[in-house]
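Residue numbers (UniProt numbering), protein chains in the order written: chain A, 1 to 293; chain B, 1 to 293; chain C, 1 to 293.
Please keep in mind that the hints were generated in silico from the structure rather than gathered at the bench. One or more of the hints may lead you astray.
Any copy will do: because identical chains look the same in the list, a pair fits if it lies in one copy or spans two.
[Unchecked claim] As a list, the in silico DSS-like pairs of lysine-lysine whose alpha-carbon atoms are at most 25 Å apart: (1) Lys-170 / Lys-45; (2) Lys-184 / Lys-170; (3) Lys-103 / Lys-220; (4) Lys-45 / Lys-184.
From a predicted model like this one, the values you see are computed outputs, not experimental measurements.
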Amino acid sequence: MERMERMVLVCILFSDCKKTFFCLFAESIFSFRICFTGAVEMSRKSPFASWLCAMLHCFGSYILADLLLGEPPIDYFSNNSSVILATAVWYLIFFCPMNLFYKCVSFLPLKLIFVAMKEVVRVRKIAAGVHHAHHRYHHGWFIMMATGWVKGSGVALMSNFEQLLRGVWKPETNEILHMSFPTKASLYGTILFTLQQTHWLPISEANLIFFFTMFMIVCKVFMTATHSHASPFAPVESFICPVFFGSVSSGHSSHHHNQHGASHEVSHPPPPPAKSKEELNEGTRKRKAKKAE
Amino acid sequence: MERMERMVLVCILFSDCKKTFFCLFAESIFSFRICFTGAVEMSRKSPFASWLCAMLHCFGSYILADLLLGEPPIDYFSNNSSVILATAVWYLIFFCPMNLFYKCVSFLPLKLIFVAMKEVVRVRKIAAGVHHAHHRYHHGWFIMMATGWVKGSGVALMSNFEQLLRGVWKPETNEILHMSFPTKASLYGTILFTLQQTHWLPISEANLIFFFTMFMIVCKVFMTATHSHASPFAPVESFICPVFFGSVSSGHSSHHHNQHGASHEVSHPPPPPAKSKEELNEGTRKRKAKKAE
Amino acid sequence: MERMERMVLVCILFSDCKKTFFCLFAESIFSFRICFTGAVEMSRKSPFASWLCAMLHCFGSYILADLLLGEPPIDYFSNNSSVILATAVWYLIFFCPMNLFYKCVSFLPLKLIFVAMKEVVRVRKIAAGVHHAHHRYHHGWFIMMATGWVKGSGVALMSNFEQLLRGVWKPETNEILHMSFPTKASLYGTILFTLQQTHWLPISEANLIFFFTMFMIVCKVFMTATHSHASPFAPVESFICPVFFGSVSSGHSSHHHNQHGASHEVSHPPPPPAKSKEELNEGTRKRKAKKAE
Chain A
1 MERMERMVLV CILFSDCKKT FFCLFAESIF SFRICFTGAV EMSRKSPFAS
51 WLCAMLHCFG SYILADLLLG EPPIDYFSNN SSVILATAVW YLIFFCPMNL
101 FYKCVSFLPL KLIFVAMKEV VRVRKIAAGV HHAHHRYHHG WFIMMATGWV
151 KGSGVALMSN FEQLLRGVWK PETNEILHMS FPTKASLYGT ILFTLQQTHW
201 LPISEANLIF FFTMFMIVCK VFMTATHSHA SPFAPVESFI CPVFFGSVSS
251 GHSSHHHNQH GASHEVSHPP PPPAKSKEEL NEGTRKRKAK KAE
Chain B
1 MERMERMVLV CILFSDCKKT FFCLFAESIF SFRICFTGAV EMSRKSPFAS
51 WLCAMLHCFG SYILADLLLG EPPIDYFSNN SSVILATAVW YLIFFCPMNL
101 FYKCVSFLPL KLIFVAMKEV VRVRKIAAGV HHAHHRYHHG WFIMMATGWV
151 KGSGVALMSN FEQLLRGVWK PETNEILHMS FPTKASLYGT ILFTLQQTHW
201 LPISEANLIF FFTMFMIVCK VFMTATHSHA SPFAPVESFI CPVFFGSVSS
251 GHSSHHHNQH GASHEVSHPP PPPAKSKEEL NEGTRKRKAK KAE
Chain C
1 MERMERMVLV CILFSDCKKT FFCLFAESIF SFRICFTGAV EMSRKSPFAS
51 WLCAMLHCFG SYILADLLLG EPPIDYFSNN SSVILATAVW YLIFFCPMNL
101 FYKCVSFLPL KLIFVAMKEV VRVRKIAAGV HHAHHRYHHG WFIMMATGWV
151 KGSGVALMSN FEQLLRGVWK PETNEILHMS FPTKASLYGT ILFTLQQTHW
201 LPISEANLIF FFTMFMIVCK VFMTATHSHA SPFAPVESFI CPVFFGSVSS
251 GHSSHHHNQH GASHEVSHPP PPPAKSKEEL NEGTRKRKAK KAE
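Assemble the whole structure, with the sequences as input and the hints as a guide.
Structure follows, in structure tokens:
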């Protein structure tokens, strides 16, 4: 077991040095750059907005956690060195001559190292978030979970508003309706850390950090290397969900639709956005027809 | 008068027991379920988002009040028992076998009791909100009103964002442009409670709570039983508004439109959404035409 | 130099009296009224929403600064006199018989005085914001800049949500993507004040306030008098931006588009909204096509 503890320590110390933060920022801004194809035009047209988006991608988790716990959302920006470091990375990735830096960080082997480090930092953020919330609300399990989750998921949870900042608006979907793997993993992880924190899980925090970090690194590196988006939780969920939450294709809904004609609004199950668009148009047509009468 | 005080006490004690909270949650989530016909599909497709929406419907008023007063918005979630109770109600309403629980709570006589209790709790929330704000800002009348109002209206005031969470986006209307009866009643009620709190209204708080609760219960139960949406304030407003705020169909606007050709944007008086849609299209067409030139 | 100090004092004392606040409110609400042509209909149809918008226009800067620093966002509303004054101005501008008050404030010479006063107040707000942030975060340069900036820009930075309150939604643009002159000037001004506050700029605060106020007044009065929207920073930016941020029309973007086919979303460079609209439609068509297959 000592060996493991030592590995955990290595893990933690290693991820403590600024170098990791540097990599974390590189990874964040790098993913922010490839995550939407307009990033480069935007960085040329309005560098300030691009910089603000990059900062959200780097520090979104701190901002959200501070918001939840009623602390100043820009509290973390008092770490000038981190902000300057992130700014430097942002500048190098977008404006490096001959685009060298970007080509480096998008070189697969290097990218896999970044991804692994990002997961190391993510798990430590979750643990720190649960710790912090536990310090303020000793028995607030839900608050611990919420804090750990936003610390782990970061900007993904406010993707709608991060898009709005860039002039893009996609209301028909969001991270909570369709969770990506990191968000879902953070949610399950924060539940584990909360159970550990409240002594329901008989395991030392260091070991939990170690095991969860390993799990995240393996999954994330594998998914990045194989460009696959298959969630490792899918089989488990497909087995459990039907038991607890019934099957998706249930005749209930329409049944109740008829039952409650006095429904205040028509909702649109987001998954098929095209469909929802059509329904919206129908709604508009109906309204127009009503007006015409 | 003693009889009245006693009735008030009964009222309050009655609404203090967990049973009422249970009913309140049932009512909240129940209304959340019928308020949009996609609720059941959503609960099957993404139970977590459905649960989050239900929590917003139950605790929205606390979240908003905490936001206004700069306290942690998830403060109320430290009451684990309430959250677990609300979660149980949510589960029963959406996933109860044979949909039994839902059929029970939507049984009219029972529903009327829920509605009545919800108003009891609403009025007590308004009073508590005004109290809390008065404790922090002794002469902040506007802050008292704002706090009492959001405590009374709850999730309705953030309906746009609650819809966004479900992937629905209806920007052309919101609760403040078109107030529903509970929101409007909360607004008038919080004004009364603020006047009482600042000793401009010569009446004991208990009596004010009692009378306002009776008024709300009578109105809400009547409206629910008759499925009517006619606001009891309409006649008064139709008499007062023209005196203070002029008539709706005033030729001013167009006049000023011409006067200020350099208007930065074209706004769309929301009430006829179809019209506003058409205007938007016009706007787009104009922009395209300008681009084509 | 004494003369200058005295002028600064005059400047400050002058802008301290309620009269200036009155003018500031007049200017704010007046600009709010002409800023969109539906303001008058809205004030008739839903006076409360109109009042709320007017309050946002008057106190938006305080609300945003309080949000950033984790203080109650409605803190400023405890100044009853200011709120009542703003309400009076709002009422006079929208509901004054024969529209007299509005005609007065929109009389050009008077309007220029208001504009000048507004800039006086804006600069003092920026200085106060930087001061306040410096008091809480002694070395938080970025926090000082952020606070001063939101204090100077005010409601412009939350224009999207201010529009949402009126039932208008324009996601394809926002103040950060396309900065207006006051927002940009506030940003540069707050940088100067931060440098002065951290003793990197060898000039007394009073002088900085004086010079920056003069600059703002001259620019704003000139722009208002000539109805021009040309930014005085344009020449400098057109010289500096290409050096630091490359040219706008860079072939990079498309290049990387091809390189990263696995781009999660299609972004729309906002400047030509029509184009972005078309791209959106394309996206929808693609999705529908995919569904049809």
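Here is what the structure says about each hint:
For the identical chains of this complex, Lys-170 and Lys-45 are neighbours both inside a copy (22 Å) and across copies (19 Å), given an alpha-carbon limit of 25 Å. Taking identical chains as interchangeable, the C-alpha atoms of Lys-184 and Lys-170 lie at most 25 Å apart only when both belong to the same chain, with a minimum of 21 Å there against 28 Å between chains. For the identical chains of this complex, Lys-103 and Lys-220 are intra-copy neighbours only, at 21 Å inside a copy versus 45 Å across copies, given an alpha-carbon limit of 25 Å. In this assembly of identical chains, Lys-45 and Lys-184 lie within 25 Å of each other by CA distance solely across copies; the values are 15 Å between and 35 Å within a copy.
In summary, this structure violates none of the numbered hints.
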